[in-house]
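*Asks:* Given next are the chains, with one letter for each unit.
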Amino acid sequence: MIYLAIGFPPAAKSCAYRMRETANQFVRQGWDVTVVTIAQESWERDSGVDLTLLEQVDPRVRIVELPLSREDLETDIGLYSEERALNPNGWVTRLRRRQMEPFPEPNFGDWRGDLEQAVLKVHAEQPADLLLASCVPYVNLAAAWKLWEEAKVPYAVDFRDGWSIDVIEGVECFARDSAEGIWEQRILDHAVSLWVVNDPIAEHYRTRYPEFADRVHVVRNGYDADSSPGRVHRPDTGAGLAFGYLGTVNFTVPHLETVLDAWRAAREREPLLANATFEVRGHIGNGSGREANRHAEVLKQAEPDGVRFGGPAAKAEVASIYARWDAMVLILIGGRYVTSGKVYEYMATGLPIVSAHVVEHDASNVLDGHPLWTGAPGLDVAGLTESFVRAAHMAVETSDEVHAEAMAHADRFTREAVMSVAVKTLIDDHAALHRDSAGDAAALADTQPAAGGPSQ
Amino acid sequence: MTNVLFIASTKPQMGVFADSVRKFQALGAATYLGGVFHLPSVAELGTTPLTETHQLPRNLNTRSAALRRKARKAPGGMKVWLQARGDSWLRRQARHADVLVALDPGAVYTVWRLAQYYRVEEAHFGIAPALKAVERVKQRGTSGTRAALPPLDIVKANARRAMDGLPAAVMRHATARPVMRSAVGAKLWRTAVQVPGVPPRVRVATSRYVAEGMQWAGRTSGASLTLAAAASRIPDLTTRAGLLDEAAMNELAKGISPRDMDKTVAARLAETDAEFAREDHVKASAALDRALTLAFHRVLHIDQLSSPLAEDAAGFTAPLYRSPSMRALARPQGRRTPYAEPPKDRPLRLLVTTSANDNFLRHILARYGKHQDVELRYLDLAAQRSLKRIAWAGRRVLEDRLSGGTSTYQEEVERLMRPYLDWADTVFLDWSVGPAAMLTTIDPGTTRIIVRLHSYEAFTRWPHMTDFSRIDDLVYVAPHVRDLVESLVPQLREDTAPRTHLVDNAMDLTGFGRPKPADARFNLGLVGVSQVAKDPLWAVEVLRRVREHDERYRLLLVGGDMNPKTSMATRVYRRAMEAQLKPLVQEGVVLRLGPTDDVPSALTDIGVILSSSVREGCHVGLMEGAASAAVPVSRDWPFYAGKPNSARTLYPQGWVVGSVEEAAKRILETTATEEAWRDAGKLAADHALSTWDWPVVSRAFDELFLGDR
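Taken in sequence, the protein lines are chains H and U.
Numbering of the first sequence is given in our numbering, commencing with residue 1 and proceeding in unit increments.
Numbering of the second sequence is given in our numbering, commencing with residue 1 and proceeding in unit increments.
Just chain H, same shape as in the assembly:
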């Protein structure tokens, strides 16, 4: 199996966990897996590298790293042309326009040729039976298509968040007759299977491509069992309750400010929160703005309110970080089309969860029924203040049984459970396809006169 997985470990990206588990599951089911991704150094200027992520990659997985990188994120001014130096933002805008020519995707479109050649080369070295393309970037689809055209290697697509739907704003991203629309249609017409992370996105695809509806599967993100602290929690109110957010800081500055305003108000109002802390861990910004953008500044300014930005966390640290915290702050962008992997991991901690996202959000569906969820009041300072206060009380007043119940709420979402089913289903679909085409070939042979046989 060729697995186009740009973001595979050691990339410090949230998709790395899903990719790692997918590859491992295929190996466990007896497949030879070759992952195609980009060089480690390229992640340095993007969201960074976490080498601990590699520890749990099955050693039988073969990794091919391509020397590709995002030109827009280049920070070495010595490599800039004069035109770029004069107007860095304008130059990047023009670059993105150029990148859209080979394939309609800014930042990545010009990787098309290299990716196509790479999969052809991997296939030539070790013929593949299946290709799985994980997007983003969508330019992977061009490589999947190339291998299909040249060698008829069946392929499946893991869209995660979907392409033709803008999950943040909940609207269609492009029309069917646009360049992107034509690519999506062409790819899905022949795909063995399409994975997406939640029901609303699946529904979008089933509605947009009714003839393809039965091949759309919801493969939720789930969480890694080893990221969970896995024990009943004992808060230390004397030292101050610890609230935490762990994940990429991808929300807007006003969104962050709303959360911090509510945090401040709750600290003033609730004695339990008077000496509480709120720690933010994860990646902030990329390229020249890495850890030096407006978000970082807003967090810095909030330090007198017990807020601290602790930088990115290595995967291996995650469980111990959660173990230090008494409540989770779930800050999410988007709405009903967004679930985010964080929600599962947060649930598995068994800690109270403050939801800082819009009311109509897929995370609300996942959290519904969780005994230590404060509910989603929307992005409203008063409502969020109330949530922080409730979470503080939950953190100190909840019994061990309820903590256990909260952790159990997440059980069905361990990544292993989710991905093993998904991979098995894909393998079955692939096998069925193989049987069908073999059957077709046999049927075809039956109806045609034998040619080239021994002479009578």
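The hints are simulated quantities; they were obtained by calculation from the structure and are not laboratory data.
Take the hints with a grain of salt, since some may be wrong.
Unchecked claim - Dumping the calculated DSSO-like pairs for lysine-lysine here, alpha-carbon to alpha-carbon at most 30 Å:
1. Lys283(U) / Lys263(U)
2. Lys11(U) / Lys300(H)
3. Lys300(H) / Lys23(U)
4. Lys132(U) / Lys300(H)
Unchecked claim - A short list of chain H residues far from chain U (calculated; beta carbon distances all over 10 Å):
5. Leu66
6. Ala265
7. Arg324
8. Arg336
9. His430
Unchecked claim - In silico contact screen, one side only, chain U against chain H (beta carbon under 8 Å); selected entries:
10. Asp19
11. Ser20
12. Pro75
13. Val108
14. Tyr109
15. Trp112
16. Ala123
17. Phe125
18. Ile127
19. Gln384
20. Ser386
21. Glu411
22. Arg415
Where a beta carbon is used, it is the ideal one built from N, C-alpha and C, also for glycine.
With chain H held as given, fit chain U onto it using these hints.
*Replies:* What follows is chain U alone, placed relative to chain H:
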């Protein structure tokens, strides 16, 4: 020691920057910051452990006009470089730097030039990569063997750049400030740019130098005259329109109504029509966008006490609509089918939408949010990036209309707005501006479209870019606004025009009825003074008149002041207003109460409520004042005075006055005794509550949205 030189064109994020400097220090680096932003105003720099900070030149004010022009036309990075390049501190630090760091996009070019000239290997954009660079430098050790001279090719490139500036230097001397200050010199040059036989390219360049020299010498109108004079000799439509446009914008930027505005708009329209005839819709729409932007510029219509548009609406728009492109723009596309009556077995699906300004929607949203016959959704087009982008895309709307609906804009609007139209039975769009132009780009299907036009919109270009044949109902807040808009927009006089309704703004007036102290009788009040159109100086005149009779009268100004940054015209008015108010405020005769969220409380001290505006749709401040039992005195708003509908037809007989004298007379009469004042106030309150209070007005909205449901 590793030397790190930071360059910043704007104030860095100081918290993060200070932390980072500590990290550089921990790695043993000396840190230097050179900035073209105002360093002394950044207090945090004092506590940031930088080795040294240095103020680089903040502007080019003392430099040549040619250099300033070059900077104005070049990307931002060039401007920073032109400011900084001669600074000896910068050159010295760059010579010794091991790592150069640009902290923002504007600083990248300066770092790029310095890195090339001084052969600095580690030149980076952003703090995180610079930290890694310091680690690298430490690992390999600072060489200290950097060549003393810059590379030869770099020297050559720099010399070539300097050569480009030579003719500019010559022109600079010939058009220097002393020459242009003298009337003779200025006139000479104005004549010179019209000399026949000069190639257009040279004429354009010369006229720009001359204009710039004049502007530098304080001759704004002279500069515009020069550009216009040169334009008259240029045959190419686009170049001519461009020069006239520059001339007009020079004056508008100074708050002056350009004397050649008609000619300028006509030139842009001629350019539009030529491109339209060639079927180059991109260029045609760009030119038309300029024509309309100029014709409806706020300096002409909004920031002054009169407007050519209000004086003679039909005469103002007639030349515009003589253009074939404008007629193509105004061609009604109509809707494919009439809107469908919503099913009676479920609540009406009502989408209320606006772009950010929801000032007049609060009561509507509250009422229909809990109305059993309505399922309400609210959409703020400014809150979503993708929608905001299409909601104010004037040039793209024009391109779509001129190309007969074949642009990509229509497809984008279709994709983003169709889901909302599919859901809604009725759309209520507040403010007939950009979003109305956007929404009417596509056929509304079976959805009913209602748009409300307040007053401000009449003075903008948007109604001319809106296809009213795709709107079913157009709601006005006052008849005089309807008259004006209908006389301006030809589409609204055709058979395809929408039904019109007059519905007052939604106001909850019940909370305004609070007891007033006896001495409030002598307090005149004006609520809302944030725009030139409110003309508070008229109220000051009224105050002067009544004080001639009784010195107990005072004037209370409620609300935020007009922002002088809005436009030069606003600044000019504000300056005049401050000059007049200063002694009155000192005397305690005028009280400036500033902005408040609690207007009912502010009104308890006001005995006479004024409307001094030159134009209003309906003056909410006056109506709320009346509801509080203050005696209303409204100026006969000059934009509408004498027309069939005006303040006189909107308000009861007696409230409206034709002059400052009449206003003073009414005030003196109605406040002659406490009893007379309280009686007049009560009558006003009764009228306000029985006419404009929300329980009354909401019936009109029920009728509009729900009909006989």
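*Asks:* Now look at each hint and say whether the structure bears it out.
*Replies:* Results of checking the hints against the structure:
Distance hint between Lys283(U) and Lys263(U) is fulfilled; the C-alpha atoms sit about 20 Å from each other, no more than 30 Å. A C-alpha spacing of about 16 Å is found between Lys11(U) and Lys300(H), which places the hinted pair at or below 30 Å, so the restraint holds. Of the pairs offered as hints, the one joining Lys300(H) and Lys23(U) holds, with about 15 Å between alpha carbons and a cut-off of 30 Å not exceeded. At most 30 Å may separate the alpha-carbon atoms for a hinted pair to count; Lys132(U) and Lys300(H) meet this at roughly 22 Å.
Consistency note on Leu66(H): stated as away from chain U, and its beta-carbon is indeed over 10 Å from all of that chain's, at 22 Å minimum. Every beta carbon of chain U lies more than 10 Å from that of Ala265(H), the smallest distance being close to 19 Å; the non-interface claim holds. With a least CB separation of 22 Å from chain U, Arg324(H) remains clear of the 10 Å interface cut-off, as annotated. With 10 Å as the threshold on Cβ separation, the claim that Arg336(H) sits away from chain U holds: the shortest Cβ distance comes to roughly 13 Å.
Every C-beta of chain U lies more than 10 Å from that of His430(H), the closest at about 34 Å, which supports listing it as non-interface. Given hint, Asp19(U) at the interface with chain H, holds; its Cβ is 7 Å from that chain's nearest Cβ, closer than 8 Å. Below 8 Å, beta-carbon pairs count as interface contacts, and Ser20(U) has one with chain H at about 7 Å; its hint therefore holds. This hint holds: Pro75(U) has a C-beta 4 Å from the nearest C-beta of chain H, less than the 8 Å allowed.
Restraint check, Val108(U) versus chain H: the minimum CB separation of about 5 Å is within 8 Å; hint holds. With its C-beta approaching chain H no nearer than about 5 Å, Tyr109(U) sits inside the 8 Å limit, and its interface hint holds. For Trp112(U), the interface hint holds, since its Cβ comes within 8 Å of a Cβ in chain H; the closest pair sits about 4 Å apart. Against a cut-off of 8 Å between C-beta atoms, the interface hint on Ala123(U) holds, since the closest Cβ of chain H lies about 4 Å away.
The restraint placing Phe125(U) at the interface with chain H holds, with a minimum CB-CB distance near 4 Å, inside the 8 Å limit. A cut of 8 Å between beta carbons decides the hint on Ile127(U): the least distance to chain H is about 4 Å, and the hint holds. Hint on Gln384(U) holds. Least Cβ distance to chain H is approximately 5 Å, under the 8 Å limit. With a least beta-carbon distance of about 6 Å to chain H, the hint placing Ser386(U) at the interface is held under the 8 Å criterion.
Taking 8 Å as the C-beta contact cut-off toward chain H, the hint placing Glu411(U) at the interface holds, the least distance being around 6 Å. Satisfaction of the interface hint for Arg415(U) is found here, the shortest Cβ-Cβ separation to chain H being roughly 5 Å, below the 8 Å cut-off.
In summary, this structure violates none of the numbered hints.
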